[in-house]
Amino acid sequence: MDHFALWLAAFFTLGIYSFLYKDNPWYKLCEAIFVGISAGYWVVTLFWDNFHGKFWVHKFEDWWLWIGAALGVLMLMRLFPKIGWISRWALAFIVGATSGLWMMNYFSSNIMRQVQDAVLPLFGTGFEASFGAILANIVVAVGTIAGLVYFFFSKEHKGVFGGTARVGILFLMVTFGASFGYTVMGRMSLLIGRIDFLFSDWLGLIR
Amino acid sequence: MPLTCPTASGGSRSIRNLKPLQFIVCALLVVGSLGQVNAQSDSTILFDSAMNALAPVTSLLAADHKYDNGERIDLSWIPSIDDQPVNGKITGYGVYRLTNAGNPALIADLPSGSSTFSDDNVEPGSDYSYYIVARSAYESAVSVRTAPLSPQREWLNLNRGFLFLIAALISAAVIYFVQSAKRGKKLFVRKISGLEAIDDAVGRATEMGRPVLFIPGIHDMDDVQTLAALTILGRVSRTIADYDTKIFMPVARSLVMTAARETIKASYQAAGRPDAYSDDMVSYVTDEQFGYVAAVDGLMVREKPATVFLLGSFFAESLILAETGNSVGAIQIAGTARPAQLPFFIAACDFTLIGEELFAASAYLAGEPRQLGSLKGQDVGKAVAMVVIVVGALAATLGEAWDISFMQNIYHWLSSVFSSN
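As given, the protein sequences belong to chains A and B, one line each in that order.
Quick note on numbering: the first sequence equals residues 1 to 207 in my numbering.
Quick note on numbering: the second sequence equals residues 1 to 421 in my numbering.
Warning: the hint list may mix true and false statements.
What the hints assert, rightly or not - Think about it this way: if two alpha-carbon atoms lie no more than 20 angstroms apart in a straight line, the pair counts; the simulated SDA-like pairs of lysine to any residue are:
{"#": "1", "chain 1": "B", "residue 1": "K89", "chain 2": "B", "residue 2": "E139"}
{"#": "2", "chain 1": "B", "residue 1": "K66", "chain 2": "B", "residue 2": "P124"}
{"#": "3", "chain 1": "A", "residue 1": "K28", "chain 2": "B", "residue 2": "G298"}
{"#": "4", "chain 1": "A", "residue 1": "K155", "chain 2": "B", "residue 2": "F188"}
Stated by the list, open to error - Covered stretches of chain B (chain A as the covering partner; in silico rule of three or more C-beta atoms under 8 angstroms from a C-beta of chain A):
{"#": "5", "region": "213-226"}
{"#": "6", "region": "257-267"}
{"#": "7", "region": "287-293"}
{"#": "8", "region": "296-306"}
{"#": "9", "region": "346-360"}
{"#": "10", "region": "410-416"}
These are calculated hints, taken from the structure and not from any lab test.
For every residue, glycine included, the Cβ atom is placed at its ideal position computed from N, Cα and C.
In isolation and in its complexed conformation, chain A is listed as follows:
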């Protein structure tokens, strides 16, 4: 059985990689099986985790759960075209609750923490900071202000303001470049993982 599973995994791995050459029937088969199985898996998982695990098991312990259940029933009204509009209430609730819940989180992390970390003594206490630390402090303070200027939408990017915005986008691009390299290395490790599977577990060429 393990042997069969190994060959199956290799078959699908190579099938997905065959897309690198071009779209082909092997890839289409793998794609269809992948999508079908994963969709079925998620239906079962969501049913048991959410409906059964979170609602059905605790339905008499916490009456708040019935509000969620009622909203779920409203969503199902889409199955009946004449009263399908009722499902918008549930959607409106989700969108409104999401906005409200995330507002303070974003406010806290994107404004308060950012400002807190950017307000710092550039030269350290009593000029004791090293050259590297001073440079890092200046980069943080200048980069934050210039970045904020770039994302300021009420003023045209012209003159000094435009120049500062260009400094801001420069900071952003340097950050993205560093992030790009870091993430590519992570992806390479994923590729190495699959290559290792093919050559080690499947073919046994690498011991």
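Following the hints, complete the assembly by docking chain B onto the known chain A.
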């Protein structure tokens, strides 16, 4: 060695010289003196034992955690005097809890040197009492128990007072600008190049007779990026309805499918072409991240869309999708607030909405007073943040480098204000 009996003068005489009565008295004195010796010896042993016994922790305090949902009790204590960094006897502490005066239960094992613990497995309405057991390799010492304490649920978190004030300030600015826009005041929003390209991109698809592909990320409706993507979808689908172009939109979440269908349907109705709308424009694929990617990639190479929109919350699939879109020659407009994925979009797409530009897009495209007012209000927040950073950094630098107390006070006050999150 002859046997002797102690005398009252402090000397001694041989028992052979004693009369019977004197012998009895002598025997009593000897036994008594032996008792004194034993008593002294016992007390010495007890004293030594007391000196060597493990000392328990002291000053154990249990306090309800402030401004929480009644789900945490904070414990603090002074560690045992035997808890020393060098040659200390304490190996660790056991935290015991009694719930509603029931049996004690060990809830935590802490290393030596510990002096605080937060019990975050409590409920409002129950009484909790605690004691600490200090342990060495051979023995243990139990502290006194705390008085029963019931955690309380607080409605307001006053630690976040400044957060509330700043949020209120920005909200007031938003309301002011929304009202101004409603009164007809023209609000300026700078050009966002990625959004300017939307009409051209849809027009290109129309001219080429190929469809538009819209990918709203892989997160659900509880992600604001998905909400922003659907807002932009409203504008895109309106243009598509006007141009009579084909759109298809594979999604990874069922709720997103429902919301997207509603959005496109409303756009087609607004364009006066409700009959051209079809539910097939939006299709659910799978919740599985890479299953979704496999399906969308296949769709791209088979349908060859002229325009691809990648707007929303993306993870590792961002580059795979963007690269495939690039390989089929589509013009691509992307946008996300995930910093780790932006580099890939910038590298592989024609236009990229960076972070907040994605959120600003809806206001920019719609030009609707409420959204424009909201955008302007947020700009007020950014202006405040910039001023605070400049003033704060100056105050911190002058105060800390040149030791100017006035500047230090400003710096510390600002730090305290913005740390209340």
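How the hints compare with the structure:
1. Distance check on the hinted pair: K89(B) and E139(B) sit about 10 angstroms apart at the alpha-carbon level, within 20 angstroms; holds.
2. Pair hint K66(B) plus P124(B) holds up; C-alpha atoms about 13 angstroms apart against a cutoff of 20 angstroms.
3. Taking the CA atoms of K28(A) and G298(B), the gap is about 7 angstroms. The hint holds against a cut of 20 angstroms.
4. Our distance criterion of 20 angstroms between C-alpha atoms is met by K155(A) and F188(B), whose separation comes to about 7 angstroms.
5. For the region 213-226 of chain B, the proposed coverage by chain A is satisfied: 4 residues have a C-beta within less than 8 angstroms of a C-beta in that chain, meeting the threshold of three.
6. Coverage of a stretch by a chain is defined here by at least three residues with a beta carbon nearer than 8 angstroms to that chain's beta carbons; for the region 257-267 of chain B and chain A the count is 3, and the condition holds.
7. Given a C-beta distance limit of less than 8 angstroms, the hint that chain A covers the region 287-293 of chain B holds, as 5 residues qualify and 3 suffice.
8. Evaluation of the coverage hint for the region 296-306 of chain B: fulfilled, as 4 residues show C-beta separations to chain A shorter than 8 angstroms, against a requirement of three.
9. Counting residues of the region 346-360 of chain B whose beta carbon lies closer than 8 angstroms to any beta carbon of chain A gives 7, which meets the minimum of three for the stated coverage.
10. Counting residues of the region 410-416 of chain B whose C-beta sits closer than 8 angstroms to any C-beta of chain A gives 3, which meets the bar of three, so the coverage hint holds.
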